[in-house]
Every structure is written in structure tokens, then in C-alpha cells.
Amino acid sequence: ETGVTQTPRHLVMGMTNKKSLKCEQHLGHNAMYWYKQSAKKPLELMFVYSLEERVENNSVPSRFSPECPNSSHLFLHLHTLQPEDSALYLCASSQRAGDWGGYTFGSGTRLTVV
Amino acid sequence: LAKTTQPISMDSYEGQEVNITCSHNNIATNDYITWYQQFPSQGPRFIIQGYKTKVTNEVASLFIPADRKSSTLSLPRVSLSDTAVYYCLVGEVRKLIFGQGTELSVKP
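Chains as they are written, first to last, in my numbering: chain A, 1 to 114; chain B, 1001 to 1108.
This is chain A alone, in the form it adopts within the complex (with noise of 0.2 Å):
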């Protein structure tokens, strides 16, 4: 254990579902982060959140709808997507946006859209 929690594990959706991905840690972290990992390629940054206000969008589309409601808890909302989206997931924090050696990963969400 990370310290950077993230359910579920695994996930399978429709096309037309509607499921949310969720990220916690409590390690008094101010920046967390959205990644995704398609197979063989390098983590793609998604989006920054520093201290719950959204500071990076990176041209991600609009199925994707992430949420910060508080420090400690981010989440990445699914709806419409498509089977290329389907990719491992990953949540990060740090003690501030940029702080490159202390960035924490979860293990991830292995999703899967059929």
C-alpha cells in the first residue's frame, strides 16, 4: 500500500455506462493527478489538481470529468466512452504540483470498455 488508494481494482463498462473512478490519500498531499496507461505506451498526464482547483486539462475529452471535492479525494467520472479508452488508470499526489520526488501513484484501475 501506496498510501494512494484507488477503487476499483478492475472495472468493465458499456459503452453507454456511466461508472466513476475513485482516488483517496491521506498523506497530506496538495496535488493529485489523473494518468492513463494504454498498453505499450508511456503514461499520458490527464489532469493536475493543486489545492482542489483544476490546473491542467490536457486536451482530454469531455467523457472524462474529473472531481476534486477535497485535498484528499479525486475522482474521474466515465460516461459515453469508447474501447479505446480502455487503459490502466492511475491516481497520483504530491506535497505540491511539480514536486517531481515526491509524486505517490495507486495501483491503478484496469479498465476495460466493451
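You can take every hint at face value.
In silico SDA-like links for lysine to any residue, alpha-carbon gap of 20 Å or less:
(1) A:LYS40 to B:PHE1098
(2) A:LYS40 to B:THR1005
(3) A:LYS22 to B:GLN1042
(4) A:LYS36 to B:PRO1040
(5) A:LYS36 to A:SER20
(6) A:LYS41 to B:MET1010
(7) A:LYS40 to B:GLN1038
(8) A:LYS40 to B:SER1041
(9) A:LYS18 to A:THR7
(10) A:LYS40 to B:ILE1008
(11) A:LYS36 to B:ILE1097
(12) A:LYS36 to B:GLN1100
(13) A:LYS40 to B:VAL1085
(14) A:LYS40 to B:ASP1011
(15) A:LYS41 to B:GLU1103
(16) B:LYS1003 to B:PRO1065
(17) A:LYS22 to A:LEU88
(18) A:LYS40 to B:THR1083
(19) A:LYS40 to B:GLY1099
(20) A:LYS36 to B:ARG1045
(21) B:LYS1052 to B:ALA1028
(22) A:LYS19 to A:THR80
(23) A:LYS41 to B:SER1041
(24) A:LYS36 to A:MET13
(25) A:LYS41 to A:ASP85
(26) B:LYS1052 to B:ASP1067
(27) A:LYS41 to B:ARG1045
(28) A:LYS36 to B:PHE1046
(29) B:LYS1003 to A:LEU45
(30) A:LYS40 to B:SER1009
(31) A:LYS36 to B:PHE1098
(32) A:LYS41 to B:THR1005
(33) A:LYS36 to B:GLN1038
(34) B:LYS1003 to B:TYR1032
(35) A:LYS22 to B:SER1041
(36) B:LYS1003 to A:ASP99
(37) A:LYS40 to B:SER1105
(38) B:LYS1003 to A:GLY98
(39) A:LYS18 to A:ARG63
(40) A:LYS41 to B:SER1009
These aren't lab readings, by the way, just hints derived from the structure by calculation. Predicted model, so just to flag it, every value in this text is computed and none were measured.
Once you've looked at the hints, dock chain B against the given chain A.
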């Protein structure tokens, strides 16, 4: 953001020392060099960070020459459990951007 170049893959045997070199020719004065490790189906894990010369911790050593245009991650006496992807990152920006990394395979 400085571009980094690493070998795509490396093979090693248990007990050997493994050195993974990363090139970053356009590194800026304020940039740090950071290495992460990722096992399959897990998130990356911080290994080591340095600015110049040599840094050592309980996991690895990081060698940085005076010109800082490259760096070498050294893993002493690797075991099978060190099989993973190793990422070199350079920069001082608000977001952590990963490249392809080096896929290290340790064989018995």
C-alpha cells in the same frame, strides 16, 4: 521540458550490476534528474533524484557528469524482482511527463 533518451530495453542476470544511461542534452540550469520504477499493472515508484555528481540511497545510485547532459542509474546486484520499466525524467515544471522508459528484464 528537456527531452530524454533511454534504451528501450535491457537484459541482465541475477547478481549483476545494471547501469541505465539517460541522455538529456538540453537540460536547463534549474532542472533535476529523477528516476521512477514501474512494475506491471502498478503505478510508478520514485527511486532517486539528483542534480549533480553522485547520489546514493538504499535502492540505487545516480551518477551525473559535470556537464549534466546525461545520467546513469546504477542498480547493484539485481534480482528477478527488479524486472520493471525505469523512467528518467528531467525538468522543473508542474507536471510529471513520462517517456517510453527502459524495460529491464532480469533473468535467473
